[in-house]
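Work out the full structure, taking the sequences as your base and the hints as a guide.
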Amino acid sequence: FYLSMIECAEFKGEGNKAFQAGDFLRARELYTQGLSSEGVAQVGFDVLFCNRSGANLALGDFVGAVADASAAIQHRPNWSKAFSRKGAAQIKLKDFAGP
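Note that the working numbering has the sequence shown beginning at 11, numbered continuously upward.
Hints listed in this document are in silico derivations from the structure and should not be mistaken for laboratory results.
No incorrect hints appear here.
Cross-link-like lysine to aspartate or glutamate pairs, in silico, EDC-like; alpha carbons within 20 Å at most:
hint, residue 1, residue 2
1, K27, D56
2, K104, D71
3, K91, D71
4, K91, D56
5, K102, D71
6, K27, E39
7, K27, E17
Model, not experiment: these values are computed from the prediction.
Now the structure itself:
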């Protein structure tokens, strides 16, 4: 269990490095791996979904960005960063009504 938590945190950290370096595809892959690991509950579904939403935004996958931001909001309902990412993706999709 402890090792899986460390592994998940490493996926998140490496994903953040890739994102900062502009390698958004790699960042998305790493965040996805983090979401698939057993330690995700301790690291945070909300953070990994929100980070992957940002990577999706940067890659032009606006539908994926909305889905991930929505998942982040389900896990952390008052997180403005997740709402911001969802809104940015909805604007790109010209979805002004939104759910």
